[in-house]
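Trainee: If you read the sequences in order, they're chains A and B.
The working numbering numbers the first residue of the first sequence as 567 and each following residue consecutively.
The working numbering numbers the first residue of the second sequence as 567 and each following residue consecutively.
Worth double-checking, as some hints may not be accurate.
Which copy? The list can't say, so a pair holds if one copy fits it or any two copies do.
[Stated by the list, open to error] Straight-line alpha carbon distances no greater than 30 Å define the calculated DSBU-like cross-link-like pairs of lysine-lysine that follow:
| hint | residue 1 | residue 2 |
| --- | --- | --- |
| 1 | Lys619 | Lys864 |
| 2 | Lys864 | Lys698 |
| 3 | Lys854 | Lys650 |
| 4 | Lys918 | Lys792 |
| 5 | Lys891 | Lys698 |
| 6 | Lys792 | Lys728 |
| 7 | Lys861 | Lys891 |
| 8 | Lys650 | Lys861 |
| 9 | Lys739 | Lys728 |
| 10 | Lys864 | Lys650 |
| 11 | Lys611 | Lys891 |
| 12 | Lys682 | Lys891 |
| 13 | Lys864 | Lys682 |
| 14 | Lys911 | Lys650 |
| 15 | Lys858 | Lys698 |
What the hints contain is simulated information worked out from the structure, not anything from laboratory work.
2 protein chains.
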Amino acid sequence: MKHAVTYELIKKDTKTRARRGRLHTPHGTIETPVFMPVGTAGTVKAMKPESLKEMGAQIILSNTYHLYLRPGHELVREAGGLHKFMNWDRAILTDSGGFQVFSLGDLRKITEEGVKFRSHIDGSSHMLTPEKSMEIQNALGSDIMMAFDECAPYPADRDYVKHSLERTTRWLKRCKDYHQNMENQSLFGIMQGGMYRDLREESAKAIVDLDLPGYAIGGLSVGEPKDLMLEVLDYSADFLPADKARYLMGVGTPDYLFEGVERGVDMFDCVLPTRIARNGTAMTSRGKVVIKNAKYQKDFSPLDPNCDCYTCRNYSRAYLRHLFKANEILSSMLLSEHNLYFLVKMMENIRKAIEEDRFTEYKNEFYEAYGPF
Amino acid sequence: MKHAVTYELIKKDTKTRARRGRLHTPHGTIETPVFMPVGTAGTVKAMKPESLKEMGAQIILSNTYHLYLRPGHELVREAGGLHKFMNWDRAILTDSGGFQVFSLGDLRKITEEGVKFRSHIDGSSHMLTPEKSMEIQNALGSDIMMAFDECAPYPADRDYVKHSLERTTRWLKRCKDYHQNMENQSLFGIMQGGMYRDLREESAKAIVDLDLPGYAIGGLSVGEPKDLMLEVLDYSADFLPADKARYLMGVGTPDYLFEGVERGVDMFDCVLPTRIARNGTAMTSRGKVVIKNAKYQKDFSPLDPNCDCYTCRNYSRAYLRHLFKANEILSSMLLSEHNLYFLVKMMENIRKAIEEDRFTEYKNEFYEAYGPF
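All chains should be modelled from the sequences, with the hints used to inform the complete structure.
Mentor: Okay, here's the thing in structure tokens:
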């Protein structure tokens, strides 16, 4: 079967497992490794799509759970799909809604059929199943749809994780069977298995058997220590086939992106850059800047002296601090633009470094300048 | 004395007092009549300066009271002035702070010296005088500085208004005497006189004697009925000299702009377009659109079918409604951009209509399409 989305491996780093590739999608070719800005409710918060394109964002992530509840996937379908609805003509990846409904805690109940939950908006009752998640994602028309899975919590005992990953595999088959639009949308599977090596291997084998165009490593960055996360990531990435895209979900701090790339991951997403921006924090080449701090009051230099983004070209820290203290919308706009630019350019530099076989050197330089994460 | 800002009359309408002119300032020439978007705290809320320039905004207004309290005028001076601080290289007009401190009610006390008040931010005590207002506006570096005046409330008895306007005249002289930067900044006087014809005339004579490059009509749109406002505006405009710019303060609904232009006013400002935008209301060629209304849920047409703004070119009412309901920042960004574009283009059309001697025809067409204001 021909997939709508395909991965092309271009070059491998000789010293690490880092790899330079391309993801071909119905909405353009994506150079990997790539960071995907998150547009939860059909908008990357405080950003015009044109600004995202200008900075070189290639693909964004949007959330099935949020769009299902508001404005509703049938409305988005009537609007001509999510690309048209939100004025974004590059690629879109949608998650399955699984992670959000599992996060609802007491408001949800899991069965073999799916997850029953109450809306965080109005308390209304809903049921999300593998079929329903596919129906919603088909209506949204994303280029990459994620399988409906259970992300086991941390810590979780072996029995729970094994049981959960087996159900996740059964749910993946139901997703694949129900998927209505193979020509234009591709389904990615999600590996689970918690912090257990053999379960990660078992999960990987089961999902790889289904011959999907890409696979995510799920269930990481859920509260476990960084060492453990890197240990699991280390072997998990190797369980996945080299000719398919690999996606590490929900990861967006610079160090995790480097560590992921080093282990052969191609795709990342996280709300972090835009969320901390709205809280007044910027990522810069010399580490984090908390803009409300008094020391920036009369600092007329740019946020990051090494940055060419719109914000750094035109505004001072003193002005950004003023906007933040005055609760001005422009504060969120300018800091979001800077933080996204920072990660997008960092990934561009990573790709270039891999091409030139100096990924480790670039990583070391970056870490040295950035300081503690 | 050569003024930094000068008014040039280009053409008069033959059927009304509407006039087409130019305001020459150190930051460019402004075609009049003109609407000035308001950037209270050194930012036109939810707008990048580039978007304002793209739509044709020629001059913005910023508030002395707000910038004095936060971030402080000395900080803005150190930053190189307000133009540089906020990344706006076109003209800026600053108000005097008078209107804001008078609006503080119990928090302020008026004497001949000036106004003692408490900050709305932290309750700290301050004194604003004609000299202090000039000092602040000199530090901000605006092209046009407004005189420190008292805007009498409505209703107010004749004695109060007379006493107040005479003090306003004395304050204006103090402003002129204290003004430190005549070569680069021009001081505009403000006419007061409440709803009393003879007091308006008295005020006008006194301020015109000072030979300033422009005059504002103050003390209107403060709660009086529309009929009365138009009656006072009618004779007030005529008391001002034809070779100087005329500015009607705080007015921004389409009908008041038309009525003002018809009576020979050149400049207008108001927070209305951006404020109602943040509350989800758009001004369109067919009247107001309250975007949260259920009838727009599946309305995939643009906000205004006759508008070429960024928002109308790229987004549907259904999407804008979704953003507003989801409390997304992009909602304020897109509606603010539309509303400002709407007024800026309306003023462009008014200028063209005056040039072609069909102002009244354009006004009638506009009113017919817009419906009730």
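Trainee: For each hint, tell me whether it holds in the structure or not.
Mentor: Consistency of the hints with the structure:
no. : hint            : verdict
1   : Lys619 / Lys864 : between (33 Å within a copy, 28 Å between copies)
2   : Lys864 / Lys698 : between (54 Å within a copy, 22 Å between copies)
3   : Lys854 / Lys650 : between (35 Å within a copy, 25 Å between copies)
4   : Lys918 / Lys792 : within (27 Å within a copy, 65 Å between copies)
5   : Lys891 / Lys698 : between (44 Å within a copy, 24 Å between copies)
6   : Lys792 / Lys728 : within (23 Å within a copy, 74 Å between copies)
7   : Lys861 / Lys891 : within (14 Å within a copy, 38 Å between copies)
8   : Lys650 / Lys861 : between (44 Å within a copy, 21 Å between copies)
9   : Lys739 / Lys728 : within (17 Å within a copy, 84 Å between copies)
10  : Lys864 / Lys650 : between (43 Å within a copy, 14 Å between copies)
11  : Lys611 / Lys891 : both (19 Å within a copy, 14 Å between copies)
12  : Lys682 / Lys891 : between (42 Å within a copy, 24 Å between copies)
13  : Lys864 / Lys682 : between (53 Å within a copy, 28 Å between copies)
14  : Lys911 / Lys650 : both (26 Å within a copy, 27 Å between copies)
15  : Lys858 / Lys698 : between (44 Å within a copy, 28 Å between copies)
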